[in-house]
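Chemist: Here is what each chain is made of, one letter per residue.
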Amino acid sequence: MTRRERNWLLVTPAAAWFVVMLVLPLSVIFVFSFGERGPAGGYVPAFTFEQYANLPARFTAFKNTMILAPLGTIAAMLIAYPLAYQLAVRTDPKWKIILLVLVIVPFWTSILIRSYAWIFILGGSGLPALLEMVGIEGVRLIYTPFAVLIGIVYGYLPLMVFPIYVSLDRLDKRLLEASADLGARPFSTFLQVTLPLSIPGVATGCMLVFILLMGEFLIPALLGGGKVFFVGNALVDLFLQSRNWAFGSAVAFTLIVIMLVTVTVYMRLIARLHSGRQDISIM
Amino acid sequence: MTHIPIDLQYATSEQPDARPPIAALRNVFKVFGDVVAADQLNLSIAPGEFLSFLGPSGCGKTTALRMLAGFEAPTSGEVLIDGQVVNTIEPYGRPVNMVFQSYALFPHMNVADNIGYGLRQRRPRLARAEIARKVGRALEIVRLTGFEKRRVWEMSGGQQQRVALARAIVNEPKLLLLDEPLAALDRKLRKEMQIELQDLQRQIGITFVLVTHDQEEALSLSDRICVMREGRIIQTGDPQNLYDHPKSRYVADFVGTSNFIDGRVEHVADGVATLATPSGLRLQGAANAGLKAGDEACLSVRPEQIHMHRDAAPGSLPGTVHNRIFLGEHTEYLVQQPALGSLNVLAPRQGQPDDLSFQTGEPVHINWNPARALVLSPD
Ligand SMILES: Nc1ncnc2c1ncn2[C@@H]1O[C@H](COP(=O)(O)OP(=O)(O)OP(=O)(O)O)[C@@H](O)[C@H]1O
Ligand SMILES: [Mg+2]
Numbered sequence: 001m002t003r004r005e006r007n008w009l010l011v012t013p014a015a016a017w018f019v020v021m022l023v024l025p026l027s028v029i030f031v032f033s034f035g036e037r038g039p040a041g042g043y044v045p046a047f048t049f050e051q052y053a054n055l056p057a058r059f060t061a062f063k064n065t066m067i068l069a070p071l072g073t074i075a076a077m078l079i080a081y082p083l084a085y086q087l088a089v090r091t092d093p094k095w096k097i098i099l100l101v102l103v104i105v106p107f108w109t110s111i112l113i114r115s116y117a118w119i120f121i122l123g124g125s126g127l128p129a130l131l132e133m134v135g136i137e138g139v140r141l142i143y144t145p146f147a148v149l150i151g152i153v154y155g156y157l158p159l160m161v162f163p164i165y166v167s168l169d170r171l172d173k174r175l176l177e178a179s180a181d182l183g184a185r186p187f188s189t190f191l192q193v194t195l196p197l198s199i200p201g202v203a204t205g206c207m208l209v210f211i212l213l214m215g216e217f218l219i220p221a222l223l224g225g226g227k228v229f230f231v232g233n234a235l236v237d238l239f240l241q242s243r244n245w246a247f248g249s250a251v252a253f254t255l256i257v258i259m260l261v262t263v264t265v266y267m268r269l270i271a272r273l274h275s276g277r278q279d280i281s282i283m
Numbered sequence: 001m002t003h004i005p006i007d008l009q010y011a012t013s014e015q016p017d018a019r020p021p022i023a024a025l026r027n028v029f030k031v032f033g034d035v036v037a038a039d040q041l042n043l044s045i046a047p048g049e050f051l052s053f054l055g056p057s058g059c060g061k062t063t064a065l066r067m068l069a070g071f072e073a074p075t076s077g078e079v080l081i082d083g084q085v086v087n088t089i090e091p092y093g094r095p096v097n098m099v100f101q102s103y104a105l106f107p108h109m110n111v112a113d114n115i116g117y118g119l120r121q122r123r124p125r126l127a128r129a130e131i132a133r134k135v136g137r138a139l140e141i142v143r144l145t146g147f148e149k150r151r152v153w154e155m156s157g158g159q160q161q162r163v164a165l166a167r168a169i170v171n172e173p174k175l176l177l178l179d180e181p182l183a184a185l186d187r188k189l190r191k192e193m194q195i196e197l198q199d200l201q202r203q204i205g206i207t208f209v210l211v212t213h214d215q216e217e218a219l220s221l222s223d224r225i226c227v228m229r230e231g232r233i234i235q236t237g238d239p240q241n242l243y244d245h246p247k248s249r250y251v252a253d254f255v256g257t258s259n260f261i262d263g264r265v266e267h268v269a270d271g272v273a274t275l276a277t278p279s280g281l282r283l284q285g286a287a288n289a290g291l292k293a294g295d296e297a298c299l300s301v302r303p304e305q306i307h308m309h310r311d312a313a314p315g316s317l318p319g320t321v322h323n324r325i326f327l328g329e330h331t332e333y334l335v336q337q338p339a340l341g342s343l344n345v346l347a348p349r350q351g352q353p354d355d356l357s358f359q360t361g362e363p364v365h366i367n368w369n370p371a372r373a374l375v376l377s378p379d
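First to last, the sequence lines map onto chains A and B.
For the first sequence, the positions run 1 to 283 when the working numbering is used.
For the second sequence, the positions run 1 to 379 when the working numbering is used.
Next comes chain B alone, as it looks inside the complex (with noise of 0.2 Å):
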């Protein structure tokens, strides 16, 4: 085993679009007292893209929404939309658009009038006829025609979701903001939703940019994802390349969910880290770009990569079977190895031979792809 062949695939992804683009950030900071929301953000949002921002609890994603937005200033550094910095323009003076994560819908208002909200402040005026039509289409779009007199204290969360996304789509906003727009309903309203958000992005080719904390909402919908922690954007990416290519344990951890097993690197050769585990096992991974041999590092491997076996095969080690949860296509098992500690292992379906799964207490031998774990710092 000397030569690992490591998809390169999304090494580019990271560089700026060709197309000149729709709003951006320049080294954007934003302090509050003594926290700092937000640390030298650098982004560039291309035309008709669907980007996240994914992050814990108080990273600063909705202190970065709020800035493209116009709520919040920042303290240092530049916004700008359509190659114009706004730092000083309000936010009835910008072509964006939010989605509140309370909806914010005027209570004293019927449906359609909160629809039209947007359309009735431009100036010069719209004619009424006109303002009826993009609301009825607005309405066509979210599917609530005939909702049109409703009062929106009448309608269900759902209803109401979709009455805030008409306000905000109807003025034909150049960046839609969301800031966790289906944080506030169920689970099974919360998936229908994510498609229909994610229909309605293709069919009016509006730039979005969403917020939340939710991983698999981020990985499902978006086009591009910016992982944040503590006010710093710490990788941006699409969906597949955050997942294959995490640069650190933090993001690892982040989007999807991993083994870590801590270690130093005793090599690096042609991209490869040997990790040194401190019960002498030899593990090799793609090594992160910058680690060196004598670093702290740990290796990553995604439970769907590891591979259980009856027997033994070269490489393999063995270990226990110490849970096992059916999850109908997938099985997922907690393996005890004595070296390593307890693995989660996303068994599918028609990978077990015979389809005899594993019980619990049974030995078994595991092993994966050293081309399919990564060696990254421990962060």
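The following block holds chain A by itself, in its conformation from the complex (with noise of 0.2 Å):
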């Protein structure tokens, strides 16, 4: 066998990969996209830009989709920033593992049920109860965008925490040493050093919970009450409800080539902002 050979049959499993679990879907995806419904649903083959035109139909559901997933990643990364940099920088080590696993233990729950706890919260007897008896009155949370952003962020925190904690942890204290030696206060040291080399696992933790919001179905469905709908909501009723398989398609086939599009001019942004670094490696 030459070393060619060799190496070609080393990429084999990553290859055969990449065509049953990419590849293949979305060439199916991609031709549906073009056929039309069936007369009880389903798909039957044909050649139309008919479902493209008909997108307008589910602009709705775009637009929640590309505000409140880039909103909601802006949220969860805020949030998760600061605690990332308590359990990494200020926890005592022999503390860390415990507050990690807490982080992590909602996980054990299914998000079904979590996110039916935040129904009976930002309900009618939940926090709008509590603050009718403080006087502010007729507060409405539930099915609201407002509601669906609380959800996804609680939903993803974790998701946004480890990446960011893992930068964090690894980060070498002796630089924080040798900023505070050559002049600088504590606040200056974290913006000049420790929020530079942050950020490739803060980069890591948006593109994550970025990627996974834009296919979520199950919060906005809970929580916004029907009222709030993702593109994900979408397709289950394209997919399942109406079966109509040939405009759901079009409307997946079109979420990918947007977030295929916001990943690339994403990664390239972050790559500009690093250029030449080594220590630096998105996901």
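These aren't lab readings, by the way, just hints derived from the structure by calculation.
For each residue, glycine too, the CB sits at the ideal point set by N, CA and C.
Misleading hints may appear alongside valid ones.
As the list claims (entries may be wrong) - Here are the simulated distance ranges between beta carbons:
1. A:K173 - B:D82: 55 to 61 Å
2. B:G146 - A:K173: 29 to 35 Å
3. B:Q359 - A:K173: 53 to 59 Å
4. A:I97 - B:T88: 30 to 36 Å
5. B:A73 - A:L195: 38 to 44 Å
Claimed, not checked - Calculated from the model, a selection of chain A residues having no Cβ within reach of chain B, i.e. all distances over 10 Å:
6. E36
7. L55
8. F62
9. I121
10. I142
11. V257
Dock chain one against chain two, each of which comes alone in its own frame, and use the hints as you go.
Modeler: Right, here's the structure in full:
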């Protein structure tokens, strides 16, 4: 076996995985998106742009996703960073593991159950009732975009905390001493050393959370009460209820293209920010 | 042999310098849990001097340095810089810079940005051009001109070391602290950097405080050395003074190499002690202060002070060459002496009669000038 042949053999499993998991389903969706809905639902082969012309019908779902997914990502990042910082930099090593476990504990319960808990908290007899007791009346939280935002930030926070935690934990503490030694006050040190060196973790966390949020449907369905639809909800509806596979494929394919473009632009931006740095690897 | 002239030239070297010290430790203690890392440190550092802390691993060298830098606060006692007590001043408020053992260069900045870091923290702000000029000058001093835009991780170990040095000296600190700055370099590079470090210190005139456990490094670089043991400074002096007049067996052993012969002090007169060995020999040497008749003591003779002869001379001791290592300009012998055990002897080449070296197994006679031997407390 030549070296070349051996190399081919080595990449075969990865290539097979790539074809089966990515190329194949994507091709199916791509082909379906030019088809038509059968009389009893499903898919009838055709070549028409009708499905794409129909996309504006689902504009609200796209709009909600494109606003709430980035917003949720940013909000989760803003909450996760101080949390991860506290854990990685300020916490006594013997407490670190325990506190980290506490961050993942919520994952032990299904998101469905945890979302129901939020329905109660945000619903009439939860927070609004408390607010009424202190004299603030008529606050409606449940079934609003705000409720969905809280739900997604809550649900995806651990996913954001971990990569940031890792990048802060890995940070060489002597760099912080060097910075202080060279005359930087603690906050300057944070801005000039800690923050730039934790960017890889932040970038990874944001990407993970953003990609998953783009496909989210459970939290909007539960906390949005049918009023705050995501693209994910539209897909559930199109594939499972109205069985309009052709239109569903067009919606799905459009979402994938949007995601691809956003992520590519984002990666380019991050790479530019750290041009030439070896210690940076995104995901 | 009644009077042995003892060189007193260094007797005053431990008295404080006439100039006000640039930094000082006053009765400094530092305790970590139940470890005493600094035990009553007292030290004045003169402006412009090159001072080293020398001692084995764990003796508290780094701790002493970190208290000067402000990373550790003394448990008790005072740290002074430029006449001011700085115990409560944070590292960023002290006119002191440190070169870390691992360099601690910022990986997200290029060489010029690393070096300019300290200048950029100044308030009021320095002009950009001023920073660039100073950075350029620092690069010139460490001979890295043209490397401004390089990524630090693209540099070799020696180059990174020089960037770390430049990053510290560019701030013109009152005190430059170096924690084993050369430990990570290979032997050849370390030698080169030692010379550079010494040149640099003379060139810029900043006070250097170096931590090392390499006695050769301390001896060749320093104006003054503090030998440390278990958190204490046990002797301070210039390299030659420490080498010639160690106050204890520990210092004699740590600074250079020596032969030690245990025994009991028979009497002390005129600064000369006579030591009786268990094997019944009487040996003389300059007495350590405080030794008196009856004390346990040991005689220390440096290998280069022992002379080897083919024929017996008055007062010489017979022995056998046990081993011989040719080192070029010197030859190192291991001589077996029936009463004293094995002794290290370092013979310079031209000192050997007819340029004939002794062979392994050959009988020899050894002696030394008693004025060059020391009788020390055995500790
Ligand atoms: N932060 C700390 N916490 C607990 N103990 C410490 C701490 N720093 C130092 N020590 C202890 O203090 C003693 C002196 O340590 P120090 O680092 O000053 O030694 P050193 O002379 O620099 O040794 P080395 O040559 O190995 O670097 C050691 O026993 C060490 O374990
Ligand atoms: Mg140390």
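Chemist: Each hint needs a verdict: does it hold in this structure or not?
Modeler: How the hints compare with the structure:
Look at K173 of chain A against D82 of chain B: about 28 Å separates their beta carbons, and that is not inside 55 to 61 Å. Taken as a hint, the range 29 to 35 Å holds for the pair G146 of chain B and K173 of chain A, whose Cβ atoms sit roughly 32 Å apart. Checked against the hint of 53 to 59 Å, the C-beta distance between Q359 of chain B and K173 of chain A comes to roughly 58 Å, which is consistent with it. Distance hint for I97 of chain A and T88 of chain B: a CB-CB separation of about 34 Å, consistent with the stated range 30 to 36 Å.
As the Cβ distance of A73 of chain B to L195 of chain A is approximately 27 Å, the hint placing it in 38 to 44 Å is violated. Once the 10 Å rule is applied to beta carbons, E36 of chain A is consistent with being away from chain B; the minimum gap is 54 Å. Listed as a non-interface residue, L55 of chain A keeps its Cβ farther than 10 Å from every Cβ of chain B; the least gap is roughly 43 Å. Every C-beta of chain B lies more than 10 Å from that of F62 of chain A, the closest at about 37 Å, which supports listing it as non-interface.
Once the 10 Å rule is applied to beta carbons, I121 of chain A is consistent with being away from chain B; the minimum gap is 42 Å. Look at I142 of chain A: its CB is around 45 Å from the nearest CB on chain B, clear of 10 Å, so calling it non-interface holds up. With a least beta-carbon separation of about 34 Å from chain B, V257 of chain A lies farther than 10 Å from that chain, consistent with its non-interface assignment.
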